[in-house]
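A.B. asks: Sequence:
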Amino acid sequence: MTRAAEQLFVAQPALGMQIKQLEEQLGVDLLHRHSRGVSVTRNGQFLYERACEVLRLVDDTERQIMAAARKEREGVILGVTNGYMNLVARDLIVLAHHQLPGVRLSLAEERSAVLLAALENHEIDLALAYEVHERPGLVRIPLLEEHLLFITAGEQKGVQRETLTQQASIGVIDFSDVMQHELVLPGPRDGVREQVLTAAKRLALEVKVQLDVSSISTIKNIVMQGDAAAVVPFGNVRDDLLRGSLTARRIVNPGLFRTLYLVRSRKRAPMLHESGLLDLLGDCTHVYCQALGDLARPFDALQGPLSTSFRQLS
1 MTRAAEQLFV
11 AQPALGMQIK
21 QLEEQLGVDL
31 LHRHSRGVSV
41 TRNGQFLYER
51 ACEVLRLVDD
61 TERQIMAAAR
71 KEREGVILGV
81 TNGYMNLVAR
91 DLIVLAHHQL
101 PGVRLSLAEE
111 RSAVLLAALE
121 NHEIDLALAY
131 EVHERPGLVR
141 IPLLEEHLLF
151 ITAGEQKGVQ
161 RETLTQQASI
171 GVIDFSDVMQ
181 HELVLPGPRD
191 GVREQVLTAA
201 KRLALEVKVQ
211 LDVSSISTIK
221 NIVMQGDAAA
231 VVPFGNVRDD
241 LLRGSLTARR
251 IVNPGLFRTL
261 YLVRSRKRAP
271 MLHESGLLDL
281 LGDCTHVYCQ
291 ALGDLARPFD
301 ALQGPLSTSF
311 RQLS
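Just so we're aligned: the sequence shown equals residues 1 to 314 in full-length UniProt numbering.
Honestly, the hints are just simulated from the structure, not real lab data.
Among the hints, a few may not be true.
Here are the in silico distance ranges between beta carbons for each label pair [stated by the list, open to error]: (1) H97 x H181: 39 to 49 Å; (2) G187 x P270: 28 to 38 Å; (3) D239 x Q303: 27 to 37 Å; (4) R104 x D239: 50 to 60 Å; (5) H34 x A204: 14 to 24 Å; (6) T61 x L313: 18 to 28 Å; (7) Q21 x Q99: 49 to 59 Å; (8) S39 x Q225: 54 to 64 Å; (9) V58 x E23: 16 to 26 Å; (10) V28 x Q303: 28 to 38 Å.
Because the structure is a prediction, the values reported are computed rather than measured.
Backbone N, C-alpha and C define an ideal beta-carbon position, used for all residues, glycine too.
Work out the full structure: start from the sequences and follow the hints.
C.D. replies: Here's what the structure looks like:
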């Protein structure tokens, strides 16, 4: 309490009296008072977090209003995964430049777990991330489900295909056969790894993990050299499949899938150009879905303007 009073430039008795008045007004204890000092109660912690949230919203609103008055472009940082970046980054950047001149869009490429942590720390504004479990501070909306692929070294290295159709270039493989191979998998907290381990546990199959590697480029290099196989999303290996340096098969019996979500923090003030940006993300995710072909299944949120679907959930 003494340190808090010093930081606020308020006398300690006056601060204690104000807190006591607030407790009487709310009808709850905000602090535990004991001989060694004070500690915060659960209600006190909740009030502190909500107050920080309100102050952050006030700051965001003030900043947005001042930027609008100066006719500045609104800065928005969107977090995306490697596969999404590979397939539609150009479309997203070009369309944002032409359709949203009032927005200065920046892209941050990272793994889903890192993007979610960045959202919660207010380092980014929105994220397109996979396997997002429900969290109190986040709003999420599922956009599509996509198949995961089993990849091995390619047999036609140096051959550049012009197109890649699911029927011609991507076969199928049973999950039990995947488990016969030495695998290089992403590290802990990765959604792909969780899918593999969960399916194997359900079927009582052993997973032969040769290496744990979080870098997708390193995973691909290991597979290309024939040192191991891997389970990856299509977006991470599309160009390698076209070059013939990797071979892919869709995993079946059971199939392995992951879900793409659009996510934002509940604590962030609405953006000035939010509706336009969300609808643009919906359009680009349609492009992403088309690139995946029959490896993807879009959800209802993509059937209309994404801003409408998102508003209904917020």
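A.B. asks: A separate judgement is required for each hint: does it hold in the structure or not?
C.D. replies: Each hint tested on the structure:
1. In this structure the supplied range 39 to 49 Å holds for H97 paired with H181, their Cβ-Cβ distance being about 44 Å.
2. Look at G187 against P270: about 35 Å separates their beta carbons, and that is inside 28 to 38 Å.
3. The given range of 27 to 37 Å is respected by D239 and Q303, whose C-beta atoms sit roughly 30 Å from each other.
4. As the Cβ distance of R104 to D239 is approximately 29 Å, the hint placing it in 50 to 60 Å is violated.
5. Distance hint for H34 and A204: a CB-CB separation of about 53 Å, inconsistent with the stated range 14 to 24 Å.
6. Here the CB-CB span from T61 to L313 is close to 22 Å, well matched to the stated 18 to 28 Å.
7. The beta-carbon spacing between Q21 and Q99, approximately 52 Å, falls within the hinted interval of 49 to 59 Å.
8. Between S39 and Q225 the beta carbon distance is about 56 Å. The supplied range of 54 to 64 Å therefore holds.
9. For the hinted restraint 16 to 26 Å between V58 and E23, the CB-CB distance of approximately 24 Å keeps it satisfied.
10. For the hinted restraint 28 to 38 Å between V28 and Q303, the CB-CB distance of approximately 45 Å leaves it violated.
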